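Q: Next come the chains, spelled out residue by residue.
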Amino acid sequence: MKGSSMGYLLKTGFKNVYMNRLMSFASIGVLVACLMLIGSAILLSMNMQVIVGAVEDENEMVAFLDMDVSDDQARQIGDEIAKIPEIAESYFYSSEEAWAEEQKKWGAASAMVEVDVDGNDLGPILPDAYRIKLNDVSQETLDSVTNQLLQIDGIDPDIRTPSQEATILSDLERAISTVGSVIVVILAVVSVVIIANTIKITIFSRRKEISIMRLVGATNTFIKMPFLIEGMIIGLISALLAFGGLWIAYNYATQFIMQSPSSWLEIAVGKLIDFRDIATRMLAGFAIGGAGLGVVGANLFIRRHLKV
Amino acid sequence: MIEFTNVSKVYENGTKALSNLSLSVDKGEFVFVVGPSGAGKSTFIKLLLREETPTKGIVKVNGYNLNKIKKRQIPQFRRSLGVVFQDFRLIPQMTVYDNVAFALRVTNVASRSIRQRVPYVLGLVGLAAKARNYPDQLSGGEQQRVALARALVNNPPLLIADEPTGNIDPELSLEIVELLNEINKCGTTVVMVTHEHELVARFGHRVISIDHGSLVSDADEWGSFYEG
Ligand SMILES: Nc1ncnc2c1ncn2[C@@H]1O[C@H](COP(=O)(O)OP(=O)(O)O)[C@@H](O)[C@H]1O
Ligand SMILES: [Mg+2]
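Quick mapping for you: the protein sequence lines, in order, are chains X and H.
The first sequence begins at 1 in the numbering used here and counts up by one.
The second sequence begins at 1001 in the numbering used here and counts up by one.
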């Protein structure tokens, strides 16, 4: 395609947006709202992931073995544990390691050693254990894993599980991700429909030109192009506006969270994502998303109604 | 240049617009197609442009077999034709210049040749002075000349006109046909549909007469048609 044609197509695309400005304005408005909501859903879910990730790091399940378990048995128990599907990884944590860690925590003088009446050292009282990392720390997974662990012979019924906060956060994160995905899909569909309708109006107002274009031998690609460009321009403008809007809104929201001294929010403070860190990715995502929605929307109508 | 072989056209609603029409037009000819309203003249034109496909028979135009042409070849084929209609089909939001340039812009022609070609054809149809006007500032005759300039701007070997004088005052109609005549003298094949017999009689060209979708006569000029 020659430069002059590309220039012509771009110009026509922009002209379409301008000539049809009322509808363009309306669809940009709706699209900005959709993109901002999509962005909020993504930001919320990203933040939740970071927070939950941080909490999860400090939270693992520990399954203590009965004191009388032999090394061989311990190995077998390890194999059994590894078979549980919800477990990401598990590793053996010997009584000696536990002891070393305890000493580091409490100092060498700690009395975590069983002594007999004569003061003879009988060795550490800490049992061997398996430390277990889960795929997620939702209550459901915890219950399921706990039940499965209890089936295994040689495991102390007193299994240490992650804190309640972690489970709640994790469940919340999953809910937000799910609801967020649904919202994103619905809004994407709405955006596509809105753009398709805007393009429809432009096509109707230009049907005379289109028929002349056919008559003088313009190719189908050429006939379609200005409308695809129109969709793309609407998408890109919306993406830029939504990006700016989201940035401002996000900064307000994080400031608000940091100023409100609510207890569970405290976990979040300091871990919240700084918008600047993700601005480039966000902008790129918005631009691609906006332009993509625009082109898909335009194409939706073109394919059905331009009969090219 | 144009070859119709046993062509019939039945529209989807069952209207029989053409039946078993056979004719051919050679390069460099000027042909009038006449016949009463509803005779099938426009259907003939639509088949020529491949806006419609024949129900039966073979249509060949400018070396393309329109029965076999692929969809993506149609634009290329259309660029080998110039067309004007009774209703001009100009774009009201564009100036005369842009209306003509439009045909080149949408077919990938370089800006430099557009800048040369458009003033040239506007001069040819005598509208160089009106390049910046809009269609609604022109008379019917002038508007049709703009349409003619647009049809000619990419120098097609075949010019097709469907009742080009239908919306124009008689004196101005004559001007249009004279213009077509000049274009024909420069080597362009011209097919003009009309039902204005006086116009046809003035020019000594071949006349194809259609009625009820069938060829009634095909004469070298109006006189022989009239007598025969
Ligand atoms: N698209 C169409 N669908 C159905 N019937 C049509 C269509 N176009 C034309 N006709 C019918 O075909 C016949 C021939 O029409 P047309 O070729 O336009 O005649 P003319 O141009 O000689 O007046 C008429 O009866 C007309 O009503
Ligand atoms: Mg007609």
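Simulated from the structure, these hints should not be mistaken for lab results.
Computed from a predicted model, the values in this text were never measured in an experiment.
Backbone N, C-alpha and C define an ideal beta-carbon position, used for all residues, glycine too.
Don't take each hint at face value.
Stated by the list, open to error - Here are the simulated lysine-lysine pairs, DSBU-like style, with alpha carbons at most 30 Å apart:
{"id": "1", "chain 1": "H", "residue 1": "LYS1071", "chain 2": "X", "residue 2": "LYS11"}
{"id": "2", "chain 1": "H", "residue 1": "LYS1027", "chain 2": "H", "residue 2": "LYS1185"}
{"id": "3", "chain 1": "X", "residue 1": "LYS200", "chain 2": "H", "residue 2": "LYS1070"}
{"id": "4", "chain 1": "X", "residue 1": "LYS200", "chain 2": "H", "residue 2": "LYS1071"}
{"id": "5", "chain 1": "H", "residue 1": "LYS1060", "chain 2": "H", "residue 2": "LYS1070"}
{"id": "6", "chain 1": "X", "residue 1": "LYS15", "chain 2": "H", "residue 2": "LYS1130"}
{"id": "7", "chain 1": "X", "residue 1": "LYS200", "chain 2": "H", "residue 2": "LYS1130"}
{"id": "8", "chain 1": "H", "residue 1": "LYS1068", "chain 2": "H", "residue 2": "LYS1016"}
{"id": "9", "chain 1": "H", "residue 1": "LYS1027", "chain 2": "X", "residue 2": "LYS224"}
{"id": "10", "chain 1": "X", "residue 1": "LYS15", "chain 2": "X", "residue 2": "LYS83"}
{"id": "11", "chain 1": "H", "residue 1": "LYS1056", "chain 2": "H", "residue 2": "LYS1046"}
{"id": "12", "chain 1": "X", "residue 1": "LYS11", "chain 2": "X", "residue 2": "LYS208"}
{"id": "13", "chain 1": "H", "residue 1": "LYS1056", "chain 2": "H", "residue 2": "LYS1027"}
{"id": "14", "chain 1": "X", "residue 1": "LYS208", "chain 2": "X", "residue 2": "LYS15"}
{"id": "15", "chain 1": "X", "residue 1": "LYS224", "chain 2": "H", "residue 2": "LYS1046"}
{"id": "16", "chain 1": "X", "residue 1": "LYS224", "chain 2": "X", "residue 2": "LYS133"}
{"id": "17", "chain 1": "H", "residue 1": "LYS1046", "chain 2": "H", "residue 2": "LYS1185"}
{"id": "18", "chain 1": "H", "residue 1": "LYS1056", "chain 2": "X", "residue 2": "LYS133"}
{"id": "19", "chain 1": "X", "residue 1": "LYS11", "chain 2": "H", "residue 2": "LYS1130"}
{"id": "20", "chain 1": "H", "residue 1": "LYS1027", "chain 2": "H", "residue 2": "LYS1046"}
{"id": "21", "chain 1": "H", "residue 1": "LYS1071", "chain 2": "X", "residue 2": "LYS208"}
{"id": "22", "chain 1": "X", "residue 1": "LYS224", "chain 2": "H", "residue 2": "LYS1071"}
{"id": "23", "chain 1": "H", "residue 1": "LYS1016", "chain 2": "X", "residue 2": "LYS224"}
{"id": "24", "chain 1": "H", "residue 1": "LYS1060", "chain 2": "H", "residue 2": "LYS1016"}
{"id": "25", "chain 1": "X", "residue 1": "LYS208", "chain 2": "H", "residue 2": "LYS1130"}
{"id": "26", "chain 1": "H", "residue 1": "LYS1070", "chain 2": "X", "residue 2": "LYS271"}
{"id": "27", "chain 1": "H", "residue 1": "LYS1027", "chain 2": "H", "residue 2": "LYS1060"}
{"id": "28", "chain 1": "X", "residue 1": "LYS200", "chain 2": "H", "residue 2": "LYS1046"}
{"id": "29", "chain 1": "X", "residue 1": "LYS11", "chain 2": "H", "residue 2": "LYS1185"}
{"id": "30", "chain 1": "X", "residue 1": "LYS208", "chain 2": "H", "residue 2": "LYS1046"}
{"id": "31", "chain 1": "H", "residue 1": "LYS1068", "chain 2": "X", "residue 2": "LYS224"}
{"id": "32", "chain 1": "H", "residue 1": "LYS1071", "chain 2": "H", "residue 2": "LYS1027"}
{"id": "33", "chain 1": "H", "residue 1": "LYS1071", "chain 2": "X", "residue 2": "LYS15"}
{"id": "34", "chain 1": "H", "residue 1": "LYS1056", "chain 2": "H", "residue 2": "LYS1071"}
As the list claims (entries may be wrong) - Far from chain H, some chain X residues (derived; all Cβ distances over 12 Å):
{"id": "35", "residue": "MET19"}
{"id": "36", "residue": "ARG75"}
{"id": "37", "residue": "ASP136"}
{"id": "38", "residue": "PHE204"}
{"id": "39", "residue": "MET258"}
Q: Next step is simple, just say for each hint if it's right about the structure.
A: Comparing the hints with the structure gives:
1. H:LYS1071 / X:LYS11: holds (27 Å)
2. H:LYS1027 / H:LYS1185: Roughly 12 Å between the alpha carbons, so the hint for LYS1027 of chain H and LYS1185 of chain H holds.
3. X:LYS200 / H:LYS1070: holds (28 Å)
4. X:LYS200 / H:LYS1071: Measuring from Cα to Cα gives roughly 24 Å; hence the hint holds.
5. H:LYS1060 / H:LYS1070: holds (14 Å)
6. X:LYS15 / H:LYS1130: holds (24 Å)
7. X:LYS200 / H:LYS1130: violated (34 Å)
8. H:LYS1068 / H:LYS1016: holds (23 Å)
9. H:LYS1027 / X:LYS224: Roughly 35 Å separates the two Cα atoms, so the pair is violated.
10. X:LYS15 / X:LYS83: violated (63 Å)
11. H:LYS1056 / H:LYS1046: holds (15 Å)
12. X:LYS11 / X:LYS208: holds (18 Å)
13. H:LYS1056 / H:LYS1027: Holds. LYS1056 of chain H to LYS1027 of chain H sits at ~25 Å (cutoff 30 Å).
14. X:LYS208 / X:LYS15: holds (16 Å)
15. X:LYS224 / H:LYS1046: At roughly 23 Å apart (the allowed maximum being 30 Å), LYS1046 of chain H and LYS224 of chain X satisfy the hint.
16. X:LYS224 / X:LYS133: violated (54 Å)
17. H:LYS1046 / H:LYS1185: holds (25 Å)
18. H:LYS1056 / X:LYS133: violated (76 Å)
19. X:LYS11 / H:LYS1130: holds (24 Å)
20. H:LYS1027 / H:LYS1046: holds (20 Å)
21. H:LYS1071 / X:LYS208: Since the Cα atoms of LYS1071 of chain H and LYS208 of chain X sit roughly 21 Å apart, the hinted pair holds (cutoff 30 Å).
22. X:LYS224 / H:LYS1071: It holds: about 15 Å lies between the C-alpha atoms, which stays within 30 Å.
23. H:LYS1016 / X:LYS224: Violated, at about 34 Å.
24. H:LYS1060 / H:LYS1016: holds (21 Å)
25. X:LYS208 / H:LYS1130: holds (22 Å)
26. H:LYS1070 / X:LYS271: Outside the cut-off at roughly 62 Å; violated.
27. H:LYS1027 / H:LYS1060: holds (13 Å)
28. X:LYS200 / H:LYS1046: Holds, at about 27 Å.
29. X:LYS11 / H:LYS1185: violated (39 Å)
30. X:LYS208 / H:LYS1046: holds (17 Å)
31. H:LYS1068 / X:LYS224: Holds - the C-alpha atoms of LYS224 of chain X and LYS1068 of chain H are around 25 Å apart, at most 30 Å.
32. H:LYS1071 / H:LYS1027: holds (25 Å)
33. H:LYS1071 / X:LYS15: holds (29 Å)
34. H:LYS1056 / H:LYS1071: holds (19 Å)
35. MET19: The claim is violated: MET19 of chain X sits with its nearest Cβ about 9 Å from chain H, within 12 Å.
36. ARG75: Given that every Cβ of chain H is farther than 12 Å from that of ARG75 of chain X, nearest at about 70 Å, it holds.
37. ASP136: Since the minimum Cβ distance to chain H is about 53 Å, ASP136 of chain X lies beyond 12 Å and the statement holds.
38. PHE204: With a cut-off of 12 Å, PHE204 of chain X remains clear of chain H, as the shortest Cβ separation is near 15 Å.
39. MET258: holds (55 Å)
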